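There are 2 protein chains.
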Amino acid sequence: MPRVKVFVTLKPSLLDAQGRVIQSALASLGHTDVKDVRVGKIIEMEIGDSVGNVADEARRMCDRLLANPVIEDYRIEVGA
Amino acid sequence: MPRVKVFVTLKPSLLDAQGRVIQSALASLGHTDVKDVRVGKIIEMEIGDSVGNVADEARRMCDRLLANPVIEDYRIEVGA
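Chains as they are written, first to last, in the working numbering: chain V, 198 to 277; chain G, 198 to 277.
Be aware that a few hints might be false.
Identical copies carry no separate label here, and so any pair may be met within one copy or between two of them.
[Said to hold, decoys possible] Under the rule of at most 25 Å between Cα atoms (straight-line distance), these lysine-lysine pairs were calculated in the DSS-like manner:
1) Lys238 x Lys208
2) Lys208 x Lys232
3) Lys238 x Lys202
Since the hints were derived computationally from the structure, they do not count as laboratory data. Keep in mind it's a predicted model, so treat the numbers as computed, not measured.
Isolated chain V, as found in the complex (with noise of 0.2 Å):
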């Protein structure tokens, strides 16, 4: 069975509060030289060897349901 990773990341251009917030708390924690911290999700998962196209099924499911792509970007990775 592949194993598939999704990554899905809020677009560059947007404001990436949650990232804000982490740096800050970095910050409190000493860590001061943390810039632009960004935050995103991974997905990992098994796919049926039933499923002819792995990558095209796992970006049928970003597009759907795992990513908003009107915010945020994503990357599948198909493994063994």
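Based on these hints, arrange chain G on the given structure of chain V.
Showing chain G alone in chain V's frame:
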């Protein structure tokens, strides 16, 4: 400035409730051949050149804030 990616995932022995929900949502959309969905976080950031060992610095950040070592694993990738 080195760009660092931190991948935080739930330990494999723990039930991933969010992954289960995604799996059943995918199944209800017709993607029934998807198994073992697991969800994690990516935290991307830039660490200033003044920091000596970037990977060590990122590891400290993970242990103190970015990950919960009791239930999560993390992996650090230092880019250019």
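Hints versus structure:
Taking identical chains as interchangeable, the C-alpha atoms of Lys238 and Lys208 lie at most 25 Å apart whether they share a chain (13 Å) or sit on different chains (16 Å). Taking the shortest Cα distances, Lys208 and Lys232 sit within 25 Å of each other inside one copy (17 Å), while across copies they are farther apart (28 Å). When the C-alpha separation of Lys238 and Lys202 is checked against a cutoff of 25 Å, the pair qualifies both within a copy, at 10 Å, and between copies, at 12 Å.
No hint from the list above goes unmet by this structure.
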